[in-house]
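*Asks:* The lines below spell out each chain.
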Amino acid sequence: MDEEMVRERDARAYEAVHEAADFTKLKTRYKNFVVPWTIAFMAWYLAYVACCNWARGFMDHQVVGHINVALIFGLLQFVSTFVIAAVYGRFANRKLDPLASGLNAKYKRERRR
Amino acid sequence: MNVLSIPILIPLADAEPGNRALTISLFSAVVAVTLYITWWASRQNKTAADYYAGGRSFSGAQNGLAVSGDYMSAASFLGISGQIALFGYDGFLYSIGFLVAWLVALLLIAELLRNSGRFTMADQLAFRMKQKPVRTAAATSTIVVSIFYLLAQMVGAGSLVGLLLGVKSEGLKAAVIVLVGALMIVYVTIGGMKGTTWVQIVKAVLLMAGTVVITFLVLVKFNFNLSDLLGAAADNSGKGEAFLQPGLLYGKDLTGQIDFLSLGLALVLGTAGLPHILIRFYTVPDSQTARRSVQWAIGLIGAFYLMTLALGFGAAALLDTGKGSAVAESKGNVASPLLAESVGGGAGSTGGAILLALIAAVAFATILAVVAGLTLTSASSFAHDLYANVIAKTKPDEKTELRVARFAAIGIGAVSIALAIPAQKLNIAFLVALAFAVAASANLPALLFNLFWKRFNTAGAAWSIYGGLISAVVLVFFSPVVSGTPTSMITDADFSWFPLSNPGIVSIPLGFLFGVLGTFLGRDRSSESRYNELSVRALTGAGAEGPAKH
Chain A
347 MDEEMVRERD ARAYEAVHEA ADFTKLKTRY KNFVVPWTIA FMAWYLAYVA
397 CCNWARGFMD HQVVGHINVA LIFGLLQFVS TFVIAAVYGR FANRKLDPLA
447 SGLNAKYKRE RRR
Chain B
30 MNVLSIPILI PLADAEPGNR ALTISLFSAV VAVTLYITWW ASRQNKTAAD
80 YYAGGRSFSG AQNGLAVSGD YMSAASFLGI SGQIALFGYD GFLYSIGFLV
130 AWLVALLLIA ELLRNSGRFT MADQLAFRMK QKPVRTAAAT STIVVSIFYL
180 LAQMVGAGSL VGLLLGVKSE GLKAAVIVLV GALMIVYVTI GGMKGTTWVQ
230 IVKAVLLMAG TVVITFLVLV KFNFNLSDLL GAAADNSGKG EAFLQPGLLY
280 GKDLTGQIDF LSLGLALVLG TAGLPHILIR FYTVPDSQTA RRSVQWAIGL
330 IGAFYLMTLA LGFGAAALLD TGKGSAVAES KGNVASPLLA ESVGGGAGST
380 GGAILLALIA AVAFATILAV VAGLTLTSAS SFAHDLYANV IAKTKPDEKT
430 ELRVARFAAI GIGAVSIALA IPAQKLNIAF LVALAFAVAA SANLPALLFN
480 LFWKRFNTAG AAWSIYGGLI SAVVLVFFSP VVSGTPTSMI TDADFSWFPL
530 SNPGIVSIPL GFLFGVLGTF LGRDRSSESR YNELSVRALT GAGAEGPAKH
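Chain order of the listed sequences is A and B. Note that this note's numbering has the first sequence beginning at 347, numbered continuously upward. Note that this note's numbering has the second sequence beginning at 30, numbered continuously upward.
Hints are computed from structural coordinates only; laboratory data are not their basis. There may be inaccurate statements among the hints.
Straight-line distance between alpha carbons at most 30 Å, and here's what the computed DSS-like set of lysine-lysine pairs gives [stated by the list, open to error]: (1) K454/A / K373/A; (2) K483/B / K454/A; (3) K483/B / K452/A; (4) K75/B / K424/B; (5) K441/A / K377/A; (6) K441/A / K483/B; (7) K454/B / K197/B; (8) K377/A / K159/B; (9) K371/A / K483/B; (10) K454/A / K377/A; (11) K483/B / K159/B; (12) K352/B / K281/B; (13) K424/B / K161/B; (14) K75/B / K454/A; (15) K452/A / K159/B; (16) K424/B / K454/A; (17) K373/A / K483/B; (18) K159/B / K454/A; (19) K373/A / K159/B; (20) K483/B / K377/A.
In this text the structure is predicted, and so the values were computed from the model without any measurement.
My request is simple: use the sequences and hints to build the entire structure.
*Replies:* And the structure:
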């Protein structure tokens, strides 16, 4: 088989996967997860930056001993990052990977046709 | 963080010959171990996938360590803790942006890039675009970003190693730069990605271990009471509670506040566009492993930044950081090493000497590993994008391409040595921040549009990369960073009309805007035909490059 034929065969296989209902499902699931979460963590981070700039009184408030709101807010950014990374991993393992590997297998089958 | 690059002329007060002998032997041990790794890796490098992508066979944990190794430069190790030691809370702000940024990489970039690219950032764009213009644009920004970053590290290396060894002479500092440059050329030309990755892993383990030990010793001094540590830092700093609050360094007036917001944006959006980070995702067998490596990196980097908090406030509490002190004179860079000496038993004690030498060796390993990663990135992009797809008239075979990559590494190494030696006296601290701004303004828009916008085309990609790159560089050139203030790079002229030191808030939206404009003005719709293929490949991994089989 020459290169051109291989290319065409692969393109047909990709198109077949693209048309599959599972692919639409995978795409929707992925977007429905990452879009809101990205907006959420960016907003949460920018809120922190804005507070450092423009809400000094709030940030300077001491909560326990020498620990103030600014430190807690900063540490919460760490916590939220760890949590979102874990939640995404769990989501991807359970909801995305099975669909993706099914479609990957479909691609391989289509190529063999 | 980038304070490192400021030349430091005063030596460590107590770097007496005994300590220096110990430090030098530990430095030599680091060099010996890394050279051994390089030699070992070179025996396994056979194909292009081995050289560029380490055979794509690293595990999630291994690549996670290597990614964190690439990310935690000496600047963030010594710089962030030093900034906290001097400016308290504001020193901590950098690390938050640096960490949150990984969510962009995790959710939007890492896995999709792993599935749809091969060796370089340009591969992913070239998938559905015209090869030559897109590869030229992406290689340009890859090499520019990497060289900015590399220069900052090399200049930092000269002053830092000089400082740690108690070397004052400019000639010896230049010799250190040449040595670092020569080592990095050896790692990259001989070891390729596999060697560089293992060097990175070893360095990350050393760095984490060193940081854990010092953090533990600091916390023991304060009975693991964070509030007491902070209180002592506030008292000793002479600034009281203000030391624990935002505002000592950033955001003094409205311009400063907007500048800080601009910095925050570049930090959070830049990471996922840094070419030397992006190519790390190609070193794993599949997208699931890419995901796990980012999760590892987030855990390691997050833990590391939390520890720098203890190091920075520990240094503020236990060391003299006032005007004229070694910490203040070094702009904070020696805070961690001196803290190590202090918690090890103080100056003159054996424990102090050992810990000081250990931390110095860790910093040295860090510099070596990071510069190697950057050189490899630019050499790969030169050989794979520019040489193989633009310069060469017929597509070269793999052997030729790899030979070009090795020569490119030597060339890039030589250029950065040549630039770093005269730059030693310049304040080039802004280069790392600029690298982040360019990555966020030029690379991220192109990558995101390519993945998520079908209509995006060749002209759009070229416009967003050149537009973002040029606007970031031009704005910095006309900012107070380069001219017009006593701390500028050029002090005896003033051509600054852009008030912010950080261009991100303007150049990032411009990068996206140029992408949209270029796409519509370019009119070309041929890139749409392979969009479905790209999205299938990116999301499912169908047809993605597999691990090398040996």
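*Asks:* Please go over all the hints and tell whether each is borne out by the structure.
*Replies:* Structure-based check of each hint:
no.	hint	result
1	K454/A / K373/A	holds, 19 Å
2	K483/B / K454/A	holds, 25 Å
3	K483/B / K452/A	holds, 23 Å
4	K75/B / K424/B	holds, 19 Å
5	K441/A / K377/A	holds, 12 Å
6	K441/A / K483/B	holds, 25 Å
7	K454/B / K197/B	holds, 13 Å
8	K377/A / K159/B	holds, 27 Å
9	K371/A / K483/B	holds, 18 Å
10	K454/A / K377/A	holds, 25 Å
11	K483/B / K159/B	holds, 15 Å
12	K352/B / K281/B	holds, 21 Å
13	K424/B / K161/B	holds, 12 Å
14	K75/B / K454/A	holds, 28 Å
15	K452/A / K159/B	holds, 29 Å
16	K424/B / K454/A	holds, 28 Å
17	K373/A / K483/B	holds, 14 Å
18	K159/B / K454/A	holds, 27 Å
19	K373/A / K159/B	holds, 26 Å
20	K483/B / K377/A	holds, 15 Å
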